[in-house]
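Student: For reference, the chains in residue letters:
Protein chains: 2
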Amino acid sequence: MDHSRFPVIEVFGPTVQGEGMVIGQKTMFIRMAGCDYRCSWCDSAFTWDGSGKADIRMLSAAEIVDELRTIAGDTFSHVTVSGGNPALLPRLGELISLLHASGTAVALETQGSIWQEWFLDIDELTLSPKPPSSGMTTDWSVLDVIVDGLTDERRSFSLKVVVFDEADLAYARSIHHRYTATPFYLQAGNGDVREQDGNLLLHMLLDKYKWLVEQVMSSAEFKNVRVLPQLHAWLWGNKRGY
Amino acid sequence: MDHSRFPVIEVFGPTVQGEGMVIGQKTMFIRMAGCDYRCSWCDSAFTWDGSGKADIRMLSAAEIVDELRTIAGDTFSHVTVSGGNPALLPRLGELISLLHASGTAVALETQGSIWQEWFLDIDELTLSPKPPSSGMTTDWSVLDVIVDGLTDERRSFSLKVVVFDEADLAYARSIHHRYTATPFYLQAGNGDVREQDGNLLLHMLLDKYKWLVEQVMSSAEFKNVRVLPQLHAWLWGNKRGY
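Residue numbers (the UniProt record's numbering), protein chains in the order written: chain S, 1 to 242; chain L, 1 to 242.
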């Protein structure tokens, strides 16, 4: 019996998944600390910049599942593992198996910088490679391996690119062109993850989303794509724990 | 060769699908006139109350496909057929075949009051039975036949219930309980389809959505469900043609 421990920084929910391929899904969130990226606009920088260090607890899979039940009782059957980058955790398969054993579906989001065998066990896997505005560089050879591996195994996964500006949009086009058979999501970026005025933020987010919709609608290079906002930011602003 | 004609009242796009199982999808809309229902809060009452009569054109499948290309050129590969209730059209399969022949996917929404064989050819079919606030009554025997037929053929479809109040929520519970294996969407209703002040409407819609999210999150009877708003109403208010 394995007893790996995972660096859990937040457990919350149930709430709605605000973005991507399972947008609107009632889900619990487990947020893991640690990331191999340092995106300029990261909305969860506390997972890697040291500011959330005191919140990190090293929990076993069983302890995590217990905590989910303590918090949410019998109100959920879906869990989202987020980060940070949970793909840094080679033994996360233990948690996924335990969740599946209790009839809980598992979604996960990662940037696609690291492959893990347990990707094949995720029910809805979102690969979110980072555009130029993030300041990060995509390792295409790794992303190729991940997309090919998931495609070959006919897994339910999608690509999602956050777009802030024209350069990001060009990056999104190159991703969609390279992996044209993979379900593709464009997401309007949150231009100010520190804004505390909910109404100001809401209108900023709406404008950004409208702009992205207009760009994609007029383009023949984006056809079979989805364009989405981050619903949780529209609803709850930049608050943590939603 | 068939040359059925269909009562087209609007063709527009590309725009984003604002709701349901393909929320965010870049799509063209074809809206058909005529409905067997008269929902109290219908946001497209012009399709059946006589007010849009002058806009109805009887078009063949080929004419519809031509018009899509005239309007949108090569910018789309997905079409949504809406209404009214397009299930009133027994020969709609001709249009679906022609769209598929040009590599275009077809989504369709209907209330589930009438079965058509061509339901099996729709790529994403949304069944949206109407809750008490609509003033309509569900014929459960028909809905059973439709859900069973689509389930047996393993088609991609979902159930979606618009919720305005507690009674609607109870109706949504009964739908989800009856068809528990079918992907289930709850949608926050648009409480005022005539409000022209975009900002006022936006905050009304946000409040309605938040209320619905809270109801569903705390309930053990809703687990594997999705809760969504109507993005198009958030973006463009009650304007037609979006």
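Don't read these hints as lab results, they were simulated from the structure. Some clues are possibly wrong.
Copies of the same chain look alike in the list, so a pair counts if it fits in one copy or across any two.
Stated by the list, open to error - Straight line, CA to CA, 20 Å or less: simulated DMTMM-like cross-link-like pairs of lysine to aspartate or glutamate: (1) Lys223 - Asp66; (2) Lys239 - Asp55; (3) Lys223 - Glu67; (4) Lys223 - Glu166; (5) Lys208 - Asp121; (6) Lys223 - Asp123; (7) Lys53 - Asp74; (8) Lys53 - Glu166; (9) Lys239 - Glu117; (10) Lys239 - Asp121; (11) Lys53 - Asp36; (12) Lys53 - Glu10; (13) Lys208 - Asp74; (14) Lys239 - Asp66; (15) Lys208 - Glu117; (16) Lys223 - Asp74; (17) Lys239 - Asp165; (18) Lys223 - Glu94; (19) Lys239 - Glu214; (20) Lys239 - Asp144.
Since the structure is predicted, the reported quantities are computational estimates derived from the model, not experimental observations.
Student: Could you work out which earlier hints the structure fails to respect and list their numbers in ascending sequence?
Tutor: When the structure is compared with the hints, numbers 5, 7, 8, 9, 10, 13, 14, 15, 17, 18 and 20 turn out to be violated.
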